[in-house]
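4 protein chains.
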Amino acid sequence: MQQQSSYCKITFLNIGISKFYSKTILAINVNAKQVKIPLLKKFQPPIIIVNFKTYLEATGEKAVELAKKTEKVSLETKVSIGVAPQFTDIATVAKAVSIPVFAQHIDPIQPGSHTGHVLAASVEETGAIGTLINHSERQLKLSDVDAIIKITREHSLVSVVCANNPNISAAVASLEPDIIAIEPPELIGTGIPVSKAKPQVITDTIKLVREINEKVVILCGAGISRGEDVKAALKLGTQGVLVASGIVKAKDPYMVLREFAEATRF
Amino acid sequence: MQQQSSYCKITFLNIGISKFYSKTILAINVNAKQVKIPLLKKFQPPIIIVNFKTYLEATGEKAVELAKKTEKVSLETKVSIGVAPQFTDIATVAKAVSIPVFAQHIDPIQPGSHTGHVLAASVEETGAIGTLINHSERQLKLSDVDAIIKITREHSLVSVVCANNPNISAAVASLEPDIIAIEPPELIGTGIPVSKAKPQVITDTIKLVREINEKVVILCGAGISRGEDVKAALKLGTQGVLVASGIVKAKDPYMVLREFAEATRF
Amino acid sequence: MQQQSSYCKITFLNIGISKFYSKTILAINVNAKQVKIPLLKKFQPPIIIVNFKTYLEATGEKAVELAKKTEKVSLETKVSIGVAPQFTDIATVAKAVSIPVFAQHIDPIQPGSHTGHVLAASVEETGAIGTLINHSERQLKLSDVDAIIKITREHSLVSVVCANNPNISAAVASLEPDIIAIEPPELIGTGIPVSKAKPQVITDTIKLVREINEKVVILCGAGISRGEDVKAALKLGTQGVLVASGIVKAKDPYMVLREFAEATRF
Amino acid sequence: MQQQSSYCKITFLNIGISKFYSKTILAINVNAKQVKIPLLKKFQPPIIIVNFKTYLEATGEKAVELAKKTEKVSLETKVSIGVAPQFTDIATVAKAVSIPVFAQHIDPIQPGSHTGHVLAASVEETGAIGTLINHSERQLKLSDVDAIIKITREHSLVSVVCANNPNISAAVASLEPDIIAIEPPELIGTGIPVSKAKPQVITDTIKLVREINEKVVILCGAGISRGEDVKAALKLGTQGVLVASGIVKAKDPYMVLREFAEATRF
Chain A
208 MQQQSSYCKI TFLNIGISKF YSKTILAINV NAKQVKIPLL KKFQPPIIIV
258 NFKTYLEATG EKAVELAKKT EKVSLETKVS IGVAPQFTDI ATVAKAVSIP
308 VFAQHIDPIQ PGSHTGHVLA ASVEETGAIG TLINHSERQL KLSDVDAIIK
358 ITREHSLVSV VCANNPNISA AVASLEPDII AIEPPELIGT GIPVSKAKPQ
408 VITDTIKLVR EINEKVVILC GAGISRGEDV KAALKLGTQG VLVASGIVKA
458 KDPYMVLREF AEATRF
Chain B
208 MQQQSSYCKI TFLNIGISKF YSKTILAINV NAKQVKIPLL KKFQPPIIIV
258 NFKTYLEATG EKAVELAKKT EKVSLETKVS IGVAPQFTDI ATVAKAVSIP
308 VFAQHIDPIQ PGSHTGHVLA ASVEETGAIG TLINHSERQL KLSDVDAIIK
358 ITREHSLVSV VCANNPNISA AVASLEPDII AIEPPELIGT GIPVSKAKPQ
408 VITDTIKLVR EINEKVVILC GAGISRGEDV KAALKLGTQG VLVASGIVKA
458 KDPYMVLREF AEATRF
Chain C
208 MQQQSSYCKI TFLNIGISKF YSKTILAINV NAKQVKIPLL KKFQPPIIIV
258 NFKTYLEATG EKAVELAKKT EKVSLETKVS IGVAPQFTDI ATVAKAVSIP
308 VFAQHIDPIQ PGSHTGHVLA ASVEETGAIG TLINHSERQL KLSDVDAIIK
358 ITREHSLVSV VCANNPNISA AVASLEPDII AIEPPELIGT GIPVSKAKPQ
408 VITDTIKLVR EINEKVVILC GAGISRGEDV KAALKLGTQG VLVASGIVKA
458 KDPYMVLREF AEATRF
Chain D
208 MQQQSSYCKI TFLNIGISKF YSKTILAINV NAKQVKIPLL KKFQPPIIIV
258 NFKTYLEATG EKAVELAKKT EKVSLETKVS IGVAPQFTDI ATVAKAVSIP
308 VFAQHIDPIQ PGSHTGHVLA ASVEETGAIG TLINHSERQL KLSDVDAIIK
358 ITREHSLVSV VCANNPNISA AVASLEPDII AIEPPELIGT GIPVSKAKPQ
408 VITDTIKLVR EINEKVVILC GAGISRGEDV KAALKLGTQG VLVASGIVKA
458 KDPYMVLREF AEATRF
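Residue numbers (my numbering), protein chains in the order written: chain A, 208 to 473; chain B, 208 to 473; chain C, 208 to 473; chain D, 208 to 473.
Check before you lean on any hint, since a few could be wrong.
Which copy is meant is left open, so a pair is good if it fits within one copy or across any two.
[Said to hold, decoys possible] Straight-line distance between alpha carbons at most 35 Å, and here's what the computed DSBU-like set of lysine-lysine pairs gives:
| hint | residue 1 | residue 2 |
| --- | --- | --- |
| 1 | 357 | 285 |
| 2 | 414 | 269 |
| 3 | 285 | 442 |
| 4 | 302 | 405 |
| 5 | 405 | 276 |
| 6 | 279 | 348 |
| 7 | 414 | 302 |
| 8 | 458 | 357 |
| 9 | 438 | 357 |
| 10 | 302 | 275 |
In short, the hints are calculated from the structure, not lab data.
Make a model of the complete structure from these sequences and hints.
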């Protein structure tokens, strides 16, 4: 038998989301013919989002590698896990994996003369499904947080707004983002988990936020390094975690992330 | 033997530059075997850099299309033309074309905990050969301009620093970037060419800069819309132009850019 | 009869406030002997705050003159009216008048190495009783709005936080300032009164804010130019107005302010 | 005749400067009659400028006390010494002393709608003769440094631009300020004197700056704590020092400042 089917390429084209569902198109190219199969992938609590920051361990090719390990854990455990690579890596990562991809920031701008800024439409076109907003390392003016959340709605992007303390979380709740992530900045990158060191920050946040907004998903972050930290976070009432160095700088990111994912099932 | 050479893919892998040369690797994949041929591409005056800003006409797939038109003009005319797409499009554009690609901005940071920032290493890994710095739409603290120029040197990235007026251009000259682009902000996007409306801004800039720095390449920009504007810019003593809406928002970007490129040969 | 009592100076020393009361000390110097008489001045709704911005008509000596006219209206009408002069004029104005004086901004800093910043303690020592925060011309990061409100509490300063729209007003309400001033930025300085052009912005703000915070005083601003605009603002449920050009740039600020003050009694 | 000269008040009204001369009017009030005597006070190298930052030890009444001690040293030693108190204290300090007073920062704005900003005209009207610009604790965009220097010229204010390193100092030299102060930020507040720990930073600065600008006065700062540090700074070729904690936080500021002033005569 002579082989004909000489080139077969399978790609997942993320084309946007309907809130917590990641609309994915499975595109199969067989000898120049393409078949597209739409898939609906759930992205729902418990949620883990891995922030790649600007770590060299998660830059360029290594961003793709880490995203693939994350996808592996997500597929194996059925836990919703997203990744937030650098702007320059979003397109490549979104092409390489089927899990949800987030930007780390977008700017409160419309298309036009804005050299060096990050446009929602460009993030959307890469296949990312959402963006972090107001991370403690990229804090924004109050009116810009509001403007960016409104822009994410226009683009069907998921908004993940970070907040430093319970009061700020409550303030953010009035702006009606999809997800709030409470992260005490003094614990970020320390390995001291917020869920154990400052449980009251989390419970206060949940209490204040829920008085204002019943729908918003609440995550916590900062210092999360072990499965038990994730478990503690969920027990306190959060719906997931935002993590970074605990995974990115781990000796074996796959193993630690797998521990995190399994800890969500208790 | 039956197999026809069924899959042949040719890609150019930009892997950095040695100042005004773009080191490119021509990678030919023939049925899983890859042959790499190093090329040295000149990027030298007269220079045209096309800033894609955050125009929808130059976002995502359209960024790739515009970059390909630019490459076509560059190949046909032998004029050095670079493109500066959005962060999210750099990787895709740099893979699609062999002409030099620039970021529109990088941040004065080292790898680490800097969510939502732009790392030089990530830009370099995409295959971009340099970056715009301090564009009037993304102005920076003086000490950050200095820090970013130093970072570009560590990464062999070409630094293109924008300046508003002759005095600021002279100030930038002391920081020893590779390229200075003088752009009076009041003319940006107007279609009124700096080279005709404010020739003295250009001649004063050249005079003041050359007293301090003999090597730096001097471009001008703002309002450049026709070939004669480019010609006027070169006659005043600049070594090229930085353009944006004149190309990006033109009805036929290829034709206008070709006119620009041809105008450099007078 | 030989005159002896040659020098008698009366000054009002504002020494801080207990929320909406301005603790003032009346200091009478008679030939080197000083008598201090403590006064308690109410600062309570309906409230008018006149923001001097950086108008030349309200800079230096003219700031003192305008503050004296404001004091005259306040004394004549018994309406609580405060003034917010520039940083450099606060001390002089606070010595010259007995009405409440506000800073236009303070920074989220503690005493120390912060060249060129505005310290709460320095504002307090001038005799000012509070500060504007997050004015649309001096917008702040969300976490800084929170930090500054906390600092005002430590210094018994009244916090007047400006907000652009109803959602942002609601967000601010969670941070528990003393006063929220809703000001649609597109109407600031236009003479088109928010209370007539965008009544729903005001009623929505009141509704959203009151769901979160029952105590905070709600003002509105932008375009307020006539007594009837003030009246309309109060009828919509606000407790006063924040005004600037309507008074500062009026031909006869005293007359316009008197009209404003009288309009609060309907 | 019976009348004793019962009230005599002498004040110095600083009304601006002609570059390095402080135009002062000596105003003598004798029983309601005022005699004005214009004085010209030199402010010329060697220069010491004391930056009060936002130290509590130099806030409000303590700012006036420290300024008076500084004036005493200046009068006793005939050395030009200026003070840079907080915005809120400039007016009071400028009225209390005859030595030159500087703002710590001004904004690149014209009079108008700029709530919470610092207007050159307001600083000038307080009697201050100049301003620090771009201190490492209040860094500015390159174009704003340029704009503010131009504004100081319009207002006859002395511009003292701070720079982090020799390259940045050279860049600033092209903007033609009156004074450049080189301060390596890593030494600020450490008590490790730049003039001893990093002499090459100073000599490189002088070399690079003098190639571009022969007139600008060059100061250095950071860690200056003893007379010998001042002496070392002048021996390296500077024309004075910018100091802060070394004086403000000294147990006896008068004694340390007197040591500094005497060290300028070697």
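Hint numbers not upheld by this structure, sorted from lowest to highest: Hints 2, 4, 6, 7 are the ones this structure does not satisfy, whereas the remaining hints hold.
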